Each structure stands twice: as C-alpha cells, then as structure tokens.
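Asks: For the record, the sequence lines run as chains Z and Y. Going by this note's numbering, the first residue of the first sequence is number 573, and it counts up by one from there. Going by this note's numbering, the first residue of the second sequence is number 19, and it counts up by one from there.
These are calculated hints, taken from the structure and not from any lab test. Since the structure is predicted, the reported quantities are computational estimates derived from the model, not experimental observations. One or more of the hints may lead you astray.
[Claimed, not checked] Below, in silico cross-link-like pairs of lysine-lysine (DSS-like), each with a Cα-Cα straight-line distance of 30 Å or less:
id, chain 1, residue 1, chain 2, residue 2
1, Z, 642, Y, 56
2, Y, 339, Z, 668
3, Z, 642, Y, 72
4, Z, 700, Z, 642
5, Y, 43, Z, 668
6, Z, 777, Z, 723
7, Y, 72, Z, 700
8, Y, 61, Z, 700
9, Y, 318, Y, 339
10, Y, 242, Y, 224
Spelled out from the first residue to the last, the chains are:
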Amino acid sequence: MGNNLGISNTDDEEPSSNGTTRRDFLAQITYAGAGLTLVPLLAGTKDILPQAPPPNAETATINLTVNGQKHALNIDERTTLLDALRENLQMTGTKKGCDHGQCGACTVLINGRRVNSCLTFAAMCQGKEIITIEGLAKGDRLHPMQEAFIKHDAFQCGYCTPGQICSAVGLVNEGHVHNDADIHELMSGNICRCGAYQNIVDAIKEVQNIA
Amino acid sequence: MEPFKLIHPNDQHAAIASSGAANVKFIAGGTNLIDLMKLDIEKPAQLVDINSLKLQTIEALPNGSVRIGALVKNSDLAYHPVIVKNYPVLSEALLSGASPQLRNMATVGGNLLQRTRCPYFYDTSFPCNKRVPGSGCSAINGYNRNNAVLGTSTQCIATHPSDMCVAMAALGAIVHVEGLTGKRQIPFHEFHLLPEQTPQYETTLKHGELITAVELPPIRYSAKSHYLKVRDRHSYEFALASAAVALNVSNGRIEAARVALGGVGTKPWRSVEAEKALVGAAADEQSYRNAAEAALNGAKPFKDNAFKIELAKRTLVRALKTVGGMS
C-alpha cells in the first residue's frame, strides 16, 4: 500500500482549503486502511514496521528536501538516504538492490547529479535538492526519459527501472554521451538482471537525439 | 553498523581539532567508508563530515603545478579541461574506475585512502592481518587470483584498488596534509606503505591529519600520457593489471619516461626500473618489452595469479606503444 504514496508528484500540488495535499490525504487514508486491516495480521512481526532507533543509537533531527518538498525527520544517524526515503518517508520508488553501491537500483539525483543513495547518510544530505523517481514527472506528464523507457520497452521486471531512469537523466545532464559505446560505458553503474540493456540504450538515444 | 556520532564542522581548523581522539574518522564521499561500516569492518565512534570545507577547487599555480582540492569529486577532476588536456593519464584512470554514480560521490582525498578489495579483508569470518592484525592471511594459501604479485609480504598480498593513485604515482604527485601540529607535504611514493609485517598500516598519514590537496608538479610531456586498464569485464570492475605511462620521445628516442602499474601491487606501483630501461632507448617494441621485463622483475606469483605477471607486461607494452608509437 505504501506504493500509493509514491506516484503523486508534488510540484503541481495545490494544498486544499484545509491545507491538506493530495499526498497527505493519500497517506492518511493509507495509514487508516493499514490500521484497520493489517495490524492484526502483523502482530508479532514488528521488525518489518518502522521502528524507533535502538537505545544506543545517536539520533538527529534533519531536514531533507525531496522532490521539492521539505521534510523534518528524527532519525538514527546510521540511516542511509535510501532507507530514509523508503522507511521514513514511505517513498518506495527508489529501490534497494545490493545496498553496497554495486547495482545502481538506489540511484537518485542530488543537486542534479546521480548518486547511490545506499552509500549516502541521510544526515549528510541536508540543504541539498534530492530528486527521486517520484519527482521526475510533472503532474500527469511523464518525464521524457520515462516516456522513452515505455516506448522502447526498456524493462522487464521493473525493479532496476527507477535507478536506470534516474541514472539516465543524470547521464543526459552530464553531457558526455556521443555514441552507443558512451552509453554502454556511462550506464555501467546500473545492473539489469532481466537484460533489457539494448532497449535501455535505445530509450536514452531517443532522449539524447542520437540517430 | 555500529552507532556513531556525526558532526558537521564548516571550518578546517575545527574539523582537524575534532579528529584527534581515537576511533574518529573524516567522511567525505563515503563510498568506501559507509560500505565498510555496513560490513562492520570499520566501526568509527565519531564521523567528521568534511564536505563543508573549502577544499573543492582545481587551481593552476604560477609554478606550473596543478593543485587539486581534496574534496574535488572524481568526475569533476576527470572532466576538468586542464586535466583532460595536460594529464590525460589521470583523466583516463579516473574514468576507468567505479561507476558514474560513485565517481560523482568519491573525492580525491578519499580515493587516496581507498581500502583493498581482497575478498578475505571483506569477509569478517576469515582471518586477515589487515583487518585483525596477527590473525593471519587467508589469501596467501587461499583463492588469490586478484591478489598482488609485487610488494607482497608474508603477512599480506592484498592489491591496492585505486586507478587514480596509479596515475598520480606516475605523475609524481605531492599529497598536502594538515594536522594539529601544522602542514606537511608527502611525496606520492612515500604516502602508501608496503604491507611488510604491519599490513594494517596503509599510509604515512598520521591520525588526525587531514588531506587538503594533491599537487601535480609540472611535467613537460604529461600531455603525452595514457592509462590502460585490463579487467574481467569491460566496465565497472577493478583492474587485473593496469599501466599509467608518460613518454617524451624525440627523433625516435625516449628522453624521459614515467611508468606506474596498478592491479598487481600492494601499493600504487611506480616502476623506476622501467623508466630507467626506457630513457635513452629507441621508441620501439623491443625497448617497451625490456621496460616491462624490468618492471616485473621482482614479481612473485601465488597459486592463482601467476598470469598477472605476463598480463601486466603486455598491458605496459601496449600502453607504451599507444603513447610512444613504433618508430
């Protein structure tokens, strides 16, 4: 159910008269629904729910700007940006693959540059602009890279796709691509276990206007 | 991961002053340190986030040197016009390392302190003298295909993983550091240590000292340089063997040369022997082969990595051919 939270975009959201955004409303009904239906099922499995930091942890209150929205979080300082997004902000579009910087599934853009969110402490991201897969579309209008991935069927299972798309957006911003070989080399930080690589290259070429 | 305290000083003196206690580490890009913390290989009690310090610039100095701030990201250095034009060996080395995401995060200072990827260092269920001094080396009699053939000891055969450092070794870079007692400059060949009997000590950086910059001294012919990396897959992989070379060739003769090897040594491996073999020789394949023989003269193979000796020779010959031609 948490995935419902990831699909709205914040840029075009107007708060309603009582100050509630669509995202807040979705969050409320999602939690309400979860409260009614899931808690009895999850009794005894509390380790899969968000937890308070353990008693020996150092905690901090931090401010993160994600997809244009500011969030204040009280977190264990060990929390990576990836875990803060997924576990604290319930933005599960960014995926956890290897959690060691080897697969690229967790790729997000910080100040316009693609990075591995699994190797970044959330507390070191304050004051930076973080863009995740949820923040690329403008309202109902997909980002050109998202459109191109759909057009070229550039995914199969889809698990690596948010990271592939964020990485591809960063790649285009960096401006070092001139041919297919450049794309192969400069997308090597994103692994696709389904092997959709050729279609990913085609999608990027379309956005880059490479024949 | 063990809990730690994270502080964010925005002044260099404060950062250095807060780093003197035992078990305190600086953190910049975090690409290596956070990974090692997740695996409980590194367990700092306090991290000093240095990303607010003013160590982010690349400057051409009046004496012809280039001074690179310790917090310059690997990707920014690799694509900097001065580096691309005058030090292609360094640009190519940086771009052959890691992935674009990691290069956007990793800093020059952090790259100097990168830890080995020896699988026994990473797997805490195995003895490793680098991780737990005195526990033994699992690689010497274990699976050691990726381990070193140069600079090994009876205590450790771990390969130094950095590409950037191989280029900097060839260029004779100078590491600028600052501690509570003042500033000092460390010549690149004195920065990294051989494992010898104490593989847990990897550099001559003292505890509490901060790397502030790396200086590239002027070399007339550094624009004629190249980094060649050979690995198991085409991209995003550590070197099996690599070569950083710069050559000054005039009328078919080699007047000056710089050579360093990666993927085969326990530290970034400048080969003065290969350079001596090249200077004064004709710029031809036989000279390059002679240099390669000299570079690998002291190599010691282990059960699974004898292939690296010939691979490193061929890598060096090909890199030299690329720069020096075949006159």
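Asks: Hint by hint, say whether it matches the structure.
Replies: We went through each hint and held it up to the structure:
1. Distance restraint check for residue 642 (chain Z) and residue 56 (chain Y): the Cα-Cα separation of roughly 28 Å lies within the 30 Å cut-off, and the hinted pair is therefore satisfied.
2. This hinted pair does not check out: residue 339 (chain Y) and residue 668 (chain Z) have alpha carbons roughly 44 Å apart, beyond 30 Å.
3. For a cut-off of 30 Å, the pair hint linking residue 642 (chain Z) to residue 72 (chain Y) stands: about 26 Å separates their Cα positions.
4. Taking the CA atoms of residue 700 (chain Z) and residue 642 (chain Z), the gap is about 10 Å. The hint holds against a cut of 30 Å.
5. Of the supplied pair hints, the one linking residue 43 (chain Y) and residue 668 (chain Z) holds, its CA atoms being roughly 27 Å apart against a limit of 30 Å.
6. Straight-line distance between C-alpha atoms of residue 777 (chain Z) and residue 723 (chain Z) comes to about 12 Å, which keeps the hinted pair within the 30 Å bound.
7. At most 30 Å may separate the alpha-carbon atoms for a hinted pair to count; residue 72 (chain Y) and residue 700 (chain Z) meet this at roughly 17 Å.
8. Annotation: proposed proximity of residue 61 (chain Y) to residue 700 (chain Z) holds, straight-line Cα distance about 27 Å (limit 30 Å).
9. Pair hint residue 318 (chain Y) plus residue 339 (chain Y) holds up; C-alpha atoms about 26 Å apart against a cutoff of 30 Å.
10. For the hint linking residue 242 (chain Y) to residue 224 (chain Y), the alpha-carbon distance of about 35 Å lies beyond 30 Å, and the restraint is violated.
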